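Student: For reference, the chains in residue letters:
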Amino acid sequence: MTVYILRRLVATIPVLFGVSLLVFSFIHLIPGDPALAMLGEHATEENVARIRERLGLNEPLPVQYVRFLVGKMTFEQISPDDVYKTRLGKSCVKLKKLEGTIVCQREGLSWTDKYDVNACYRLSRVMVCHDGGVLWGDLGNSIHGNIPVATELKRRFPATVELSLAAIFIAVIIAIPAGVISAIKRNSLIDTMTMMGALIGVSMPIFWLAILLMYVFGLVLGWFPTGGRLSVGMELEHITGLYLVDATLTRNWPAFKDALLHLVLPSIALATIPLAIIARMMRSSMLEVLGLDYVRTARAKGLNEWAVIIRHVMRNALLPVITIIGIQLGSLMGGAILTETVFAWPGIGKWVFDAISGRDYPIVQSVTLLVALIFVLINLIVDISYAFLNPKIRYD
Amino acid sequence: MTVSIADNEYEVQNVFKRGSESQFKRALRRTLKTRSAQMGLALVLTFLFIGLFAPILWPYDARTDLDLRSRLQPPSKEHPFGTDDLGRDVLTRVIHGARVSLQVGVMVVAISLSIGTILGLIAGMLGGVLDSFIMRVMDVMLSFPYVLLAIALVAALGPGLRNAMIAIGIVYIPPYARLARSMALQIREEDFVLAARALGANQRRILFTHILPNGLSPLIVMATLSMGTAVLDAAALGFLGLGQQPPYPEWGKMLVDSMQFILSGSWWVMLFPGLAIMFTVLGFNLLGDGLRDALDPRLRL
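Heads up: the protein sequence lines correspond to chains A and B, in order.
Numbering-wise, the numbering used here puts 279 at position 240 of the first sequence, and it's gapless, one number per residue.
Numbering-wise, the numbering used here puts 122 at position 103 of the second sequence, and it's gapless, one number per residue.
Next comes chain A alone, as it looks inside the complex:
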C-alpha cells in the first residue's frame, strides 16, 4: 500500500511539471506583445516597458520559466550576529535588509513596497531570498491595481470552496438515491423519468439554469436573494472564510440563515451537472452489481431485499461512483466561473471572469494554476482512497 501511494505520488510530479509549463506558456500564446495587450491600445511606451520588465518578458524563455517557478533567487551567507537578529526568521516570511542587518517586517507593507521586498528563508547559515516564484506561493501582482494575487486569492478562494462543497453535497444526496431507485426499478416509469431528467441535466447550459432559477425563485417568487454571499449590513466575523462555518463558530444565527439563503440558488445551479452524471453512474454501477452471482446467493439465502441492496449491492456499486464524485468536485471549480458570474458570487470564478475582461493575465494564470493543482490533488486522493476501498485495484 505504501509503495502504491509513493509510486502514485511520484507519477504526479511530471504531471505537475507539465501543468506549470502549460500555465507558464499561456502568457506567450497572446498574439503580439503581451504587455501591450494587457495595458490596451493607448498605453504609454514607458508603461509597456515597465510591465515587460516586471513580467520578465525581456529574458530568454528558459530563464523566464525558472523565474516563474522559483523567482529571482539570491543566496547569502549569514554571520552569527545576523542569525541572532533573525531568530524569528523561520516564522516570518517577509524580511528586509537594512544596512547589513535583517529586519523582520510583518505588517505595514503597502502594496507597492511589497514588490520590492524580498521574501527570505533561512536554511542553516544561508539566507535564501526570492522575488516572485509560484513555488513559494508568490503569484505576482495583478496588472490593474498592482495587488498581490495571492492575497486576493486567499480572500476569494473560500467563497468558491463553500459553493463547490454545497453543490457536490446537493448532488450526492439526490443523485445516489435516484440512481439506486432507477436501477432497482429498471425500465419503470420512474427510471425513465429519472434518466431523462439526468440527460436533460447534462444538456443544459448551467448559466442558463442559473438565470432561470434567479428569475423564478429570486425575482418572481422572491424566496431567495439573487446575488452575493451576504446581505448588505449583515455582520460576520471571518475565520475560515466559509460563511456557514464562520457563522456556526461565532453562533451568529441570523448571519447563518442569511448566508444559507444566498447559497441555495447558486449551489443548485452548480449541482445540476454532477447530479446528472453521478445519478447515471450510480444506476449503471448498481445494474452491473445486481447481476452478479453473490447477489443471487444473498437473495437465495433468504435475505430481506433491502439488506441485499444496501449491504451487498450498494457497497460495491459505490466504488466507481466515488471516482466520479472526485472528478466532478474538481470540474466544479471550472464550472463555478459561469455560476459565480450570474450570481455575483465573490469567488475565484467571478474574479477570473473580470480578469479576462480586463486582460489581467497574471490573475488568469494564477487561478488556472491553482484549479489545475486542486484537480490533480483531488484525483490523487481519489486514486489512493480507491485503492484503500478496493483491494483488487493495484498499481501496475
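For the record, the hints were derived by calculation from the structure and aren't laboratory data.
Note that the structure is predicted; figures quoted are calculated from it, not measured.
There may be inaccurate statements among the hints.
To be verified - Derived DEER-like restraints, expressed as beta-carbon distance ranges:
#1 B/Q279 with A/Y333: 54 to 60 angstroms
#2 A/I229 with B/L204: 38 to 44 angstroms
#3 B/T53 with A/W292: 51 to 57 angstroms
#4 B/L204 with A/L331: 25 to 31 angstroms
#5 B/S151 with A/D72: 32 to 38 angstroms
What the hints assert, rightly or not - Some chain B residues flagged as far from chain A (calculated, every beta-carbon gap over 12 angstroms):
#6 M58
#7 L67
#8 L71
#9 P74
#10 Y79
#11 S89
#12 S95
#13 V125
#14 S133
#15 I137
#16 M144
#17 A217
#18 S236
#19 P237
#20 L238
#21 G257
Backbone N, C-alpha and C fix where the C-beta goes; we use that ideal spot for every residue, glycine too.
We have chain A; now place chain B onto it with these hints.
Tutor: Chain B only, in chain A's frame:
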C-alpha cells in the same frame, strides 16, 4: 494452436466487410429502434436543417437589424419569441444562432477527432518514448477542467468565434487520443493484423485499412456526444464574451445580453436561446447514447 492461412484470409476480408456501408446501415437501423434515439435524430436533423438552410429560408443581416420602436416586446403573433433590447426578433436570431453552433460543433469535432485520433494511433502503434511523451502531454491537458482550459486559451488567443473553436477543439483532443490509442493497442494484436503484416503490409496500410475501420464505432459515438458538449462549451465562451462577437447572433451571447433585462421581467429574451441550446445538446446526447448502445454494447450505461 496454429492459425491457417484460410482463417486469416477470411478475417482480412471480414475487416473490409465490417467497414463497408451495409454494416453501417445495419447499425443505424439498430440505433433507431429506441424511442429516445429517434427523438435524438429528429432533434439533430432539425438543428442541421435550420443551421444549413437558415440564410436561404429566412434571410437576415445582423449588421442592419435594429428597430428601437419595438424593443423588448413579449411574444406575439408577429414576433413568436418576442424582441430583444434592440428590437430584434428573437426567433430570427435563435435560428441564425444555430448556424454558429453548427459551425462550432463541426469544427471542434474535426479538429479534435483528426488530431486526437492520429496522435492516439501513433502512440498505440509505435509505443516507446513517443507513446509516453504523447500520453503524458494528454495527462497534463486532462489536469485542467475542460471549460477552464478553453477559457484560458481563448483569453490568451483573443476573443472571437474562430479562436473559441480552436480552443475547444484543442481541449477535446485528449479523450480521442486515449480512445484511439487503446483501440490501436487492442486491435494490433488481433490475428487479422498479424496476417496482414505477414502478407507484407506496411505500418501505414495496417493503420488505415485494418486498425482505423475496426475502431471506428467508438470514435463515431464519441464524435456525436462531443458535438453536443462543443455546442454547450461554445455557448459558455459566448456567455463570457469570448466567442462570436456582436452583432452576429450566438446563443450564449444572447443569454448574457438578456441578463440585465430579466430584472424588468423580459423573460423571453433569456428563455428561447437557452431552450435552443438545450434541445440541440439533448439531441446529440440522445443520438450518441443510442449509437453507443447499437455499435458497442460493452460501453452501455
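Student: If a hint holds in the structure, say so; if it doesn't, say that too.
Tutor: Here is how each hint holds up against the structure:
| no. | hint | result |
| --- | --- | --- |
| 1 | B/Q279 with A/Y333: 54 to 60 angstroms | 59 angstroms, holds |
| 2 | A/I229 with B/L204: 38 to 44 angstroms | 41 angstroms, holds |
| 3 | B/T53 with A/W292: 51 to 57 angstroms | 52 angstroms, holds |
| 4 | B/L204 with A/L331: 25 to 31 angstroms | 28 angstroms, holds |
| 5 | B/S151 with A/D72: 32 to 38 angstroms | 36 angstroms, holds |
| 6 | M58 | 10 angstroms, violated |
| 7 | L67 | 17 angstroms, holds |
| 8 | L71 | 22 angstroms, holds |
| 9 | P74 | 25 angstroms, holds |
| 10 | Y79 | 23 angstroms, holds |
| 11 | S89 | 22 angstroms, holds |
| 12 | S95 | 20 angstroms, holds |
| 13 | V125 | 19 angstroms, holds |
| 14 | S133 | 21 angstroms, holds |
| 15 | I137 | 21 angstroms, holds |
| 16 | M144 | 22 angstroms, holds |
| 17 | A217 | 31 angstroms, holds |
| 18 | S236 | 19 angstroms, holds |
| 19 | P237 | 17 angstroms, holds |
| 20 | L238 | 21 angstroms, holds |
| 21 | G257 | 10 angstroms, violated |
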